[in-house]
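Work out the full structure, taking the sequences as your base and the hints as a guide.
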Amino acid sequence: MRRVRCGLPSGICSGQKGFTTGTGTHHSTAAGRGIAAEMNPTTITIDDRSIDTVDGRNLLQTCLENGIVVPNLCFVADMTDPPVSCRLCFVEVADVPQPVPACKVAVRAGMVVQTATDRVRRLQRSALRLLLSAHRADCRNCPANKQCPLQDMARFLGVRLRPRRLEQVQRDVPDPMEHPLFTFIPSRCVLCGRCVHACRTHGGGLLTYIRRGFDTLIGALPVDDAESLHCGGCLACEAACPVAAIFIKDTEPPEATMEAPGSLDPSR
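Sequential numbering of the sequence shown, starting at 12, is according to the working numbering.
Hints were generated in silico from the structure; no laboratory data involved. No residue lacks a Cβ here, since even glycine has one placed at the ideal position from N, Cα and C. Fair warning: there could be bad hints in the mix.
As the list claims (entries may be wrong) - The following label-pair restraints were derived from C-beta to C-beta distances:
1) ASP183 <-> ASP58: 38 to 46 Å
2) ASP58 <-> PRO154: 30 to 38 Å
3) THR91 <-> ARG132: 26 to 34 Å
4) CYS150 <-> ASP58: 28 to 36 Å
5) THR56 <-> ASP183: 22 to 30 Å
6) GLY224 <-> PRO191: 22 to 30 Å
7) ASP183 <-> ASN51: 50 to 58 Å
8) ASP183 <-> GLY244: 26 to 34 Å
9) HIS241 <-> ASN152: 28 to 36 Å
10) GLY215 <-> GLN125: 36 to 44 Å
11) PRO154 <-> ALA120: 42 to 50 Å
Encoded structure:
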């Protein structure tokens with residue numbers, strides 16, 4: 012399977028595989044740049060750096076585009092309504108009493124942001140440990156090994172891949188799970204939702220969330236019969252998955268891939 016690396020060097024990446032520390036390589040879409048061009052230019056301060064941007068731009072994307080490291084997993088560049096499911100991209104904004112997820116903050120003139128305070132790092136480490144408690148860290152046998160954002164973030168934040176103080180979450184489901192169109196591996200999935208976003212954006216909208224709470228999984232929308240199942244084979248979901256948790260069946264890798272994971276019959 013072709014693995015897609017983020018355009019930003021070794022660190023936190025948004026909308027691609029990998030975690031990038033960033034050195035200024037932009038990875039926003041042309042549409043996103045066009046929208047930004049229509050907004051009002053402004054200047055904000057991030058980690059004591061003066062950053063030129065535009066009013067209303069997503070704060071997390073602004074950080075990443077300027078080489079500022081902010082751990083994140085569920086965000087995709089130019090996403091209009093980030094799910095905030097990973098809870099990793101916390102930052103502190105002046106005049107806001109509590110840290111906030113950068114992916115849900117819009118840039119405003121004069122904003123002052125800190126991305127690496129002790130309070131932010133504590134929240135990020137706690138969020139990553141929770142994610143890892145539901146993830147089987149079988150790195151040696153995983154196709155994402157050494158290209159995995161969880162590995163990169165664990166190194167960056169100083170967190171063990173197998174947290175000692177949290178019990179491993181066990182889902183009462185087959186592993187892997189077979190769907191007529193794809194194979195889904197629940198023990199790898201961290202429910203970042205990038206596969207669902209990719210399928211809705213680039214594919215046929217087949218993937219969705221099923222079940223609730225600790226039993227939440229990625230699955231397929233229900234249909235009346237197997238012939239109604241449709242997947243265009245774009246592999247957007249497979250490419251978007253940061254942890255190799257979904258594989259599309261009976262398709263050849265395209266020349267270029269884009270985004271995410273998912274699968275399972277919601278009727279089960």
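Now the hints, each set against the structure:
1. ASP183 <-> ASP58: 38 to 46 Å: At 44 Å between Cβs, range holds.
2. ASP58 <-> PRO154: 30 to 38 Å: Holds: the Cβ-Cβ distance is about 35 Å, inside 30 to 38 Å.
3. THR91 <-> ARG132: 26 to 34 Å: Hint holds: Cβ distance 29 Å, inside 26 to 34 Å.
4. CYS150 <-> ASP58: 28 to 36 Å: The hinted range 28 to 36 Å holds for CYS150 and ASP58, with Cβ atoms some 31 Å apart.
5. THR56 <-> ASP183: 22 to 30 Å: violated (49 Å)
6. GLY224 <-> PRO191: 22 to 30 Å: Holds, at about 27 Å.
7. ASP183 <-> ASN51: 50 to 58 Å: holds (52 Å)
8. ASP183 <-> GLY244: 26 to 34 Å: Cβ of ASP183 to Cβ of GLY244: about 31 Å, so the range 26 to 34 Å holds.
9. HIS241 <-> ASN152: 28 to 36 Å: Once the Cβ atoms are compared, 32 Å apart, the range 28 to 36 Å for ASN152 and HIS241 holds.
10. GLY215 <-> GLN125: 36 to 44 Å: Roughly 42 Å apart at Cβ, these two residues keep to the hinted range, so it holds.
11. PRO154 <-> ALA120: 42 to 50 Å: At roughly 45 Å between Cβ atoms, ALA120 and PRO154 fall inside 42 to 50 Å, so the hint holds.
Consistency with the previously given hints fails for number 5 only.
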